[in-house]
Each structure stands twice: as structure tokens, then as C-alpha cells.
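Student: What follows is each chain in one-letter form.
Protein chains: 2
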Amino acid sequence: MAATEPGQLDPVSPRTANLAALLRALRAGPLSRTQLAARCGLTKAAVSGLITELSERGLVRSAGLQGGGNGRPSQLVELNGASACGLALSVEADRFAAVVTNLDGRVVAERTETADVAALGLHRSMDELAFLARQLLLGDQPVGVTVSVPGLVDSAAAVLRFAPTLRWRDAEIADLLAARLGLTVDAIRVDNEANLGAVGEVVAGVGRGVRELFYLSGGTGVGGGLVSGGTILRGARGFAGEVGHITVDPSGEQCPCGRVGCLETKAGLSAVLRGAASPGDPLHDPALGVDGRVGLLKHRVRRGDQRAVAAVSELGVALGIAVSTVVDVLDPDVVVLGGYFAELGEWLVEPVRRELSARPLGHEPACRVEPSPLGTTAPLRGAAHLATERLFADPTLVPVVTSSSIDTAEAPA
Amino acid sequence: MAATEPGQLDPVSPRTANLAALLRALRAGPLSRTQLAARCGLTKAAVSGLITELSERGLVRSAGLQGGGNGRPSQLVELNGASACGLALSVEADRFAAVVTNLDGRVVAERTETADVAALGLHRSMDELAFLARQLLLGDQPVGVTVSVPGLVDSAAAVLRFAPTLRWRDAEIADLLAARLGLTVDAIRVDNEANLGAVGEVVAGVGRGVRELFYLSGGTGVGGGLVSGGTILRGARGFAGEVGHITVDPSGEQCPCGRVGCLETKAGLSAVLRGAASPGDPLHDPALGVDGRVGLLKHRVRRGDQRAVAAVSELGVALGIAVSTVVDVLDPDVVVLGGYFAELGEWLVEPVRRELSARPLGHEPACRVEPSPLGTTAPLRGAAHLATERLFADPTLVPVVTSSSIDTAEAPA
Numbered sequence: 001m002a003a004t005e006p007g008q009l010d011p012v013s014p015r016t017a018n019l020a021a022l023l024r025a026l027r028a029g030p031l032s033r034t035q036l037a038a039r040c041g042l043t044k045a046a047v048s049g050l051i052t053e054l055s056e057r058g059l060v061r062s063a064g065l066q067g068g069g070n071g072r073p074s075q076l077v078e079l080n081g082a083s084a085c086g087l088a089l090s091v092e093a094d095r096f097a098a099v100v101t102n103l104d105g106r107v108v109a110e111r112t113e114t115a116d117v118a119a120l121g122l123h124r125s126m127d128e129l130a131f132l133a134r135q136l137l138l139g140d141q142p143v144g145v146t147v148s149v150p151g152l153v154d155s156a157a158a159v160l161r162f163a164p165t166l167r168w169r170d171a172e173i174a175d176l177l178a179a180r181l182g183l184t185v186d187a188i189r190v191d192n193e194a195n196l197g198a199v200g201e202v203v204a205g206v207g208r209g210v211r212e213l214f215y216l217s218g219g220t221g222v223g224g225g226l227v228s229g230g231t232i233l234r235g236a237r238g239f240a241g242e243v244g245h246i247t248v249d250p251s252g253e254q255c256p257c258g259r260v261g262c263l264e265t266k267a268g269l270s271a272v273l274r275g276a277a278s279p280g281d282p283l284h285d286p287a288l289g290v291d292g293r294v295g296l297l298k299h300r301v302r303r304g305d306q307r308a309v310a311a312v313s314e315l316g317v318a319l320g321i322a323v324s325t326v327v328d329v330l331d332p333d334v335v336v337l338g339g340y341f342a343e344l345g346e347w348l349v350e351p352v353r354r355e356l357s358a359r360p361l362g363h364e365p366a367c368r369v370e371p372s373p374l375g376t377t378a379p380l381r382g383a384a385h386l387a388t389e390r391l392f393a394d395p396t397l398v399p400v401v402t403s404s405s406i407d408t409a410e411a412p413a
Numbered sequence: 001m002a003a004t005e006p007g008q009l010d011p012v013s014p015r016t017a018n019l020a021a022l023l024r025a026l027r028a029g030p031l032s033r034t035q036l037a038a039r040c041g042l043t044k045a046a047v048s049g050l051i052t053e054l055s056e057r058g059l060v061r062s063a064g065l066q067g068g069g070n071g072r073p074s075q076l077v078e079l080n081g082a083s084a085c086g087l088a089l090s091v092e093a094d095r096f097a098a099v100v101t102n103l104d105g106r107v108v109a110e111r112t113e114t115a116d117v118a119a120l121g122l123h124r125s126m127d128e129l130a131f132l133a134r135q136l137l138l139g140d141q142p143v144g145v146t147v148s149v150p151g152l153v154d155s156a157a158a159v160l161r162f163a164p165t166l167r168w169r170d171a172e173i174a175d176l177l178a179a180r181l182g183l184t185v186d187a188i189r190v191d192n193e194a195n196l197g198a199v200g201e202v203v204a205g206v207g208r209g210v211r212e213l214f215y216l217s218g219g220t221g222v223g224g225g226l227v228s229g230g231t232i233l234r235g236a237r238g239f240a241g242e243v244g245h246i247t248v249d250p251s252g253e254q255c256p257c258g259r260v261g262c263l264e265t266k267a268g269l270s271a272v273l274r275g276a277a278s279p280g281d282p283l284h285d286p287a288l289g290v291d292g293r294v295g296l297l298k299h300r301v302r303r304g305d306q307r308a309v310a311a312v313s314e315l316g317v318a319l320g321i322a323v324s325t326v327v328d329v330l331d332p333d334v335v336v337l338g339g340y341f342a343e344l345g346e347w348l349v350e351p352v353r354r355e356l357s358a359r360p361l362g363h364e365p366a367c368r369v370e371p372s373p374l375g376t377t378a379p380l381r382g383a384a385h386l387a388t389e390r391l392f393a394d395p396t397l398v399p400v401v402t403s404s405s406i407d408t409a410e411a412p413a
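Chains as they are written, first to last, in full-length UniProt numbering: chain A, 1 to 413; chain B, 1 to 413.
Accuracy of the hints is not assured; some may be wrong.
Unchecked claim - Pulled a few chain B residues facing chain A out of the computed Cβ check, cut under 10 Å:
id, residue
1, GLY182
2, ALA240
3, ASP328
Quick caveat, the hints were computed from the structure, so don't treat them as lab data. By construction, the Cβ of each residue, glycine as well, lies at the ideal position given by its N, Cα and C atoms.
Excised from the complex, chain A in its bound form:
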């Protein structure tokens, strides 16, 4: 169910594929060999041999006995969460963030540093990011690294093609970080923040268990991430989901992009703040940061400030049109309003639902609309999930460290 990217992984041998299938099955919790055999379509003998290998690699361990319904108890096997870790990094206009997670998804360490990333430039930013990562890793070698960036990414090449807020073009993020972290380039994946936000919602947010999801993220720009069939939908060049410049009003404002009436001219944070207050108002004070300005806007809407209420109401109309369009194109199960839209969810979800329920398809709108419960952390959550994903596709990435510490025999069922 978790979003993975099989296309990016090297083909593995049938034995490795079976090791991987067992490891993934154990993600949901401890299981007996008999249960593993049933879930993975393997014989119990094959499972025993494979579990021995996973144990020798340190990836699984015994988890006590399970009382059998009809007789003798079974030995349980569980994931050894601490045996490996993944590193998630994110670059935003005003901050770097890093998270180290266990194999079982638990956060081991995390840190955020504010910075003027555009002013730092690419190379010094990569120095900072690597420094942050080393502080958290404490010498551990991650099985994978995923980097979230705000821009157009060629994910196959692990290159950030263009990030307008950072003014970076063709930034070879994976190469730069691999050199700084002493890792191979193929351990590092680079992805767009909205794509990773969509994955975050699928693994840890309102999209759990969902295979078709649209994540719409509000910030200085407006971005989107798509999950279809349980994997990120990328399109031909990796730019799918770039909804910031879809037309929501052809008689609207000129957008710096060259088009007219783009979603960003109505839903980008600065456009909304301009609508909500005159120049010079504290709502425009960069010193407050994005979170501070959104918090102030929210406070004013609560208080009933007319301009703030009108600006958020217009934002709801624009999001309604944009979301309806994407829903018609993609037919998702869930639409998630992320980034700063999540903060304003109490005023945005209803107008979007209303526009969707005016749908012409002759059926109840089955598509849910929800504010992101993860807020601005969704991309980092998605990145953390994908960072360990490499190991769940190929458990032989970690070496055999000990002879098996696990009982190779199981009490007969």
C-alpha cells in the first residue's frame, strides 16, 4: 500500500525479492513463519531459510510466542527497527530540515535550521545540509537518503531542474550530497516537495491505505503531488502535478509566468496576504516568517476582520475551481489541502467540497477533501518513508553481520 517507486530500483534476484516480501510483510507487526508463508505465497521451509538470512543481516529478531488457537504456540518474528536507518532532508526557502528514522518508521532524531537559502547559494547550502545530517547520524550509515526540494525535479537523474524561490537551475543535488556524506549517488533520491507531501499523506496522514490521492500544497508558490495506483505519478519529464499555473480565471490578473489568471495569482500566499491587508500592514512583515504571517491571518479571520475574511473566501473559490479540475482529470479518492492551506482548513474545505458537489457526473461525489494533519511536515514524512524504502526492495543492501540469533526451528503448529 505504501508508495514506492519500483521503476527506480535495480532488478533483484528471486531470492532477494522473497527476502524483501518477508521484510515488507513484517512492517505491519510480528508474524509467525506459518503466517508469513501464507501471506507471501512461500513454503514454510523457504520462509525459515529466508528468515535466517534476514536475522543474519540483523534486520529481524524473535518476538516471543503467540498462543495458537488450536494447540501449540508459534514463534513470532519481528522487524528489528534499530538495525538500519534512513535519512530525510528538506530544503525550503527559509530553512533546512533533517530527520533520521528507524526501519519501522520511528523518528530517531530531527532538527530544523533557519537560513536564507537563496542567499547562501547551492554549494554552501549543501555544506549546511550535510553538516546537519552528520550531526543527526552520529556516524551511522543510512540505507537511503531522500531530499525534498521546492522545484521541478528530474527524479531519475536526481537533479533539481529549476527552483524559482531558490533561483537554482540544474542543481546536481545527489552528486553534491554524496560527496559530502561519503555515500554512493544511487543511495540518494531527490524529489519535489509536493510529490513527497503526497507520499507523506499516504503513509502517515489522511491518505492511509489510499491508492489515488491529490495533494495540493500552498506556500509562496502552489504545488501539487499525485499518487496513482499507489505510486507517485510523474508524467513524461517528472513535472506532473505542477498545478500552480493552471488557469482559474482567464479574465484575471497577469501572472509573472506569462499566463493570465493562474492559480498562484489567487492562491499563492503573497497574493492572499495582499488581498487581506494594505501595504505596510504587519501581515506583510517578512520577519514574521511564513508561519507567523499565516497565524496572524488566521487570527484576523477568527476575529471577523472583513478584508481577511474576504481574502480567505476568495481563496476558497479559487481552490474549488482548481481542485474540481484536477478531480475531473484524475478521479482521486482523497484531496489533501497541505502547506498553509491546511492551517486555513476550517475555511477552505467547505468551499472546495461545495464546488465538487456541483459535479456533472451524475453520481455522489465520492472524493474526500481533507486538510493535511501533517501540515508543512508532510514532505519530510514522505521523504523519511522513501529513505528506508530502498532496503525493503533489497534487504541485501545491509551486510551479514552475525550468525543467526534467531531460532531456526519453530514449534510445530
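Go by the hints and put chain B onto chain A.
Tutor: This is chain B only, laid out in the frame that chain A set:
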């Protein structure tokens, strides 16, 4: 490369999967056993055994010798196109159509019958369609049937949920046709005409070899079909690509659907014809049929008729906005203008390309825009392809008929 729907097929045994891989490899033309072994990752001994079975099922045959570059010639094997056939059917508002194709995609028989399908109703329409099919099949049993319908389809259940032009709801097309044609329900696939049009373009039109394609189809309504990663993108309920009611002008006309400024209010055929001529003009004469009215419109644009030119120019603007939106969402390699848009392609392709080249992504627009070379036959071409697809996934659907007529030995390489 061909669009297939593996999700809909039952899992097959490893041997069957290998038979299928060989059969698919032979689609491109005759190959030797050595070549087949290399392409399918099998040993030459395995290939020989599998080819014997395919030959016993009548699906392949010897195709003479190929001069070896470095010595003795090799025996070639080829698809036996005439050994099986697929049936494609289509229902449109004003006609039924049927095509029977060979295993190699060659058309064996085809026929179109005009009819007022809405007036006939569902059951009499299915009688007519089955009658048409039996006339073409001449007693042959197709390996698969694909039915193209103009509406929302639950393709897993093979049910047409809603077809506004036919006024059919929850029509169990596969059940009704299976009973009339003496076939099992699982041999019959029902799909939306725009989805099948997209497949048609991938297998036989401007999308050959393309894995990401958007097919936009103009008719009374406006529909869309998406191919992503080489397969039809369906979304959660099978309604992906339904772009007829995306908003292209929020200050535009009220649409019967309940929304305002939908693409159909600008690009549906009757909207365009209303723009091009006053009531009472022959352009609105239903007796001319869709093709006749579009032909007349085209004639007037060529002649420079002002209203006709203006109407087609407005249509280009609306398509530009809609296509740009879908391109931002999906990032396809190719956009195909199908249905009546293809007929007017010489005036529509340029405005769409112009709007796309105003893209903000900071890269040359790599997305091609092309009129459909298949025109209104694209859905039937896609349906014909998918009708035989079942056999290419499971060659054991046809029984063993003879002992192998093929040489089991090959001249040593």
C-alpha cells in the same frame, strides 16, 4: 509498449507467462529461437518447448530461414495471425460499429450501421449490436470483445454507469452481450470511448511508442482519455480524464451540468455551431449528421466566413486553456486532438501550441500536440487492440488443436 491492463487479468502460471512473453515478442515480426531466448531472458531449450506448445495451439508457425551473419541460417517463427480473432464494438449516439481483427491486428471485417440509439433503448440496441457482430464473425469465436461506449464506465464491473447522450444508466453491457453472443462475461470488456481512443493512438496513431498521452475528443460532449506508464489511467472510480466540465471561464456561460464556464460550453460541437451560425442555418440540420455539419463548418472556415472563423478561433482558445491545464497536471509526451477536433486540426493545433509555449516551467515545452490521424475511428482501433490483448496475456485461452506443425529442432547457430 502497447497499452494493456494487467490488473484486469487473472494471474497466470509461470509457464503461461513465458508463453505470453514469446507471443508478445513475435508481434513485431518473425524471430529465431535464439533471438526469442535473448529477448525474453529464457534458455534456448525452454524457448523450443514453449514454441512447440504455441504451435500446437495454432498460434505460431514456421517462417522460413534467416541467413545467419556468421554461418548457418536459423529457422524463424512467426505469429499465425489467422489463428484467432478479436471483436471490437462501438456504440455512439447515431451509430453502431463492429470490427473483427486478426491476432496481428489486421482488420478482417468491419461494418457500421446508423441508428438512433437513444430511441432504440438499451435492450434493442444490444440486439442490434449482437446481430452486427454475428454477421461479421461468421461463426468464429473471438478470444475477446471490447465495447466502446460514450459515458462513464466502471470497467472492473464492465458496467456503463451513465451515458448522457444515450440516457442509459447502470447498463450491464457485458452481461447483455455475453448472453446474446454465447460468450462468457469475462471475455467482454467495456470501456469509455475516449480511453479507447487514447489506446488507439498509442497502438496505431500519433502516440506509437509513447507511454504518457492525453487524448482529447470532441463531439456532442467533450471527453478525454489518459495513458500513463503505458496503461489507461483510470483513477479511483474509473472516471479519470472526464475533462468536459473543467472550468475554462468562471465568468462564462452556465452549463446544464450546474457549473459555469465548463469546457463543453465552449468546445462541445453544438456550442461551436451555435457560435458559427444563426438558428435555422443548415449548420444546425440534424439530417446532415455530425460529419456533415463539421464538413460544412470546415468549408466555411476555408472560405473565410467571418462567423465560422471566429467560432473556430474561440474554440482554439478554449482548447488551449484546457490542454495547458491537463498538461500541467499530467506532463504527457503527446496531446492528441481527436473526434471532430481532428477534422479542424489545421486551425486548432497552433493556438493550443501557443498557449502551451507560454508555460512557466522554465523549459522548452517538450509536449507535442497533434491532430488524430485516426479521427473518429480511434476508439474502435483501441478496442480492437484490447480485444486480442487477453490472448497475449494468456495464450492457453485457445486449446491445443494439433500436434506441432513446427520443426522442433533448429539449425545450430
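Student: Hint by hint, which ones does this structure get wrong, listed from lowest number up?
Tutor: As far as the earlier hints go, only 1 is violated by this structure.
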